[in-house]
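Student: Sequence:
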Amino acid sequence: MRAAVLVDVNRIEVRDVPRAVLAPHEVRVRVGAVGLCGTDVHIVEGHANYHRDAHGRVVPLASCPQILGHEIAGEVVEIGADARGVRVGERVIVDQGRTCVGERRTPVCEYCATGDSHQCEWYAEHGITGLPGGFAEEIVVPAANVVPLASDLDLLRAALAEPLGCVVHSTETVLRAPSRYRLAGDAAAVRTVVLCGAGPSGLLFVQYLRNVLGFDGTLLVSEPSARRRVLAERFGGETIDPTSTPLADAVRDRTEGRMAELLIDASGAGAVIAAVPELVRKQGTVLFYAHGHAGVDLSVMNGVQFLEPTMLSPCGASGGFEPDGRPTTYVRALRMIESGRIDVGSLVTHRYHSLDAVPQAFAGDHRLPEYVKGVVVL
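The numbering of the sequence shown is the numbering used here, which starts it at 10 and goes up by one.
Hint data in this document are derived by calculation from the structure and do not stem from the laboratory.
All of these numbers come straight from a predicted model, not from anything done at the bench.
Each hint should be verified, as a subset may be incorrect.
As the list claims (entries may be wrong) - Okay, the calculated beta carbon distance ranges per label pair:
id, residue 1, residue 2, range
1, 239, 23, 31 to 37 Å
2, 307, 10, 44 to 50 Å
3, 26, 69, 30 to 36 Å
4, 113, 313, 26 to 32 Å
5, 90, 63, 26 to 32 Å
For every residue, glycine included, the Cβ atom is placed at its ideal position computed from N, Cα and C.
Between the sequences and the hints, there should be enough to build the whole structure, so can you do that?
Tutor: Right, dumping it as structure tokens:
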């Protein structure tokens, strides 16, 4: 089969690769759509490599090229002899993470037992930790890892259930945290949320807070891109251009000096980490969602620690399993998109209609002013 293979930093080649052998508990999915994620960009540009050997050492691309892509939707074309709950021809989204439940391991590890699948003791991830991902004609995963669509939703939008699932999981972590200020439920409610970064994840955060959680407080969104600010305002945010106004000054003015009880970093920018002491209220909550943060000295934490904030750093779309073993968070995210509660279609600015277009997609399109989200549609 054909796949777009990352063979070196900033070097992707479309080539023929062997088809995976189907195990009895697995299904083969013909890829119909796969989203381009910021994590993919980090890997392509050499800022990260999550492929490790048994001793935890990085496996270089030169010795083991990777097929990226983890936001996947497609159609089941083959099922293993012992695969349950799925039929050939069903359109599905894919949970890219291999866990105890998907692999039918008994007993499950302590993390899978509590629904924290992204921290599975034996976790491996298609498109990120070295397993072949979605920038290919097909992918083989455990049957429990696919969630059938319950509507005629197109696969392009269905593929974005994965990033929405990550946002859902992160927000649920905030809701469970023993913080002074709560998003709902008591007198010490969050009055102001400051969200840094209105990329795809940031825009999903805005919608989830407004449309699902019903947050009706002040939602300030810091974003330098004019196009992304327009989308953030459409979804219910009040925007700030940090290139024209110092962010801390703008937040101070709009909160009458109170600042943010909840700060969400969806940018991965080092400048945001440096600004945390100026942005968050004492004993507020800081959600470190994005990766990156290059160029920041850890001394910035001196100012953070004096504020006694609750600091959270959830990762992935874990959050429990359905009775049939399917990932609960993915099911929830897909149904939100299918019902129209979350608009993911408006985020997609770039469509790529073949694997041959993948190298160009990572050659700089994501830096264009009009770019928000790219999806490869096969």
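Student: Of the numbered hints stated earlier in the document, which are not met by this structure?
Tutor: Of the numbered hints given earlier, those the structure breaks are 3, 4, listed in rising order.
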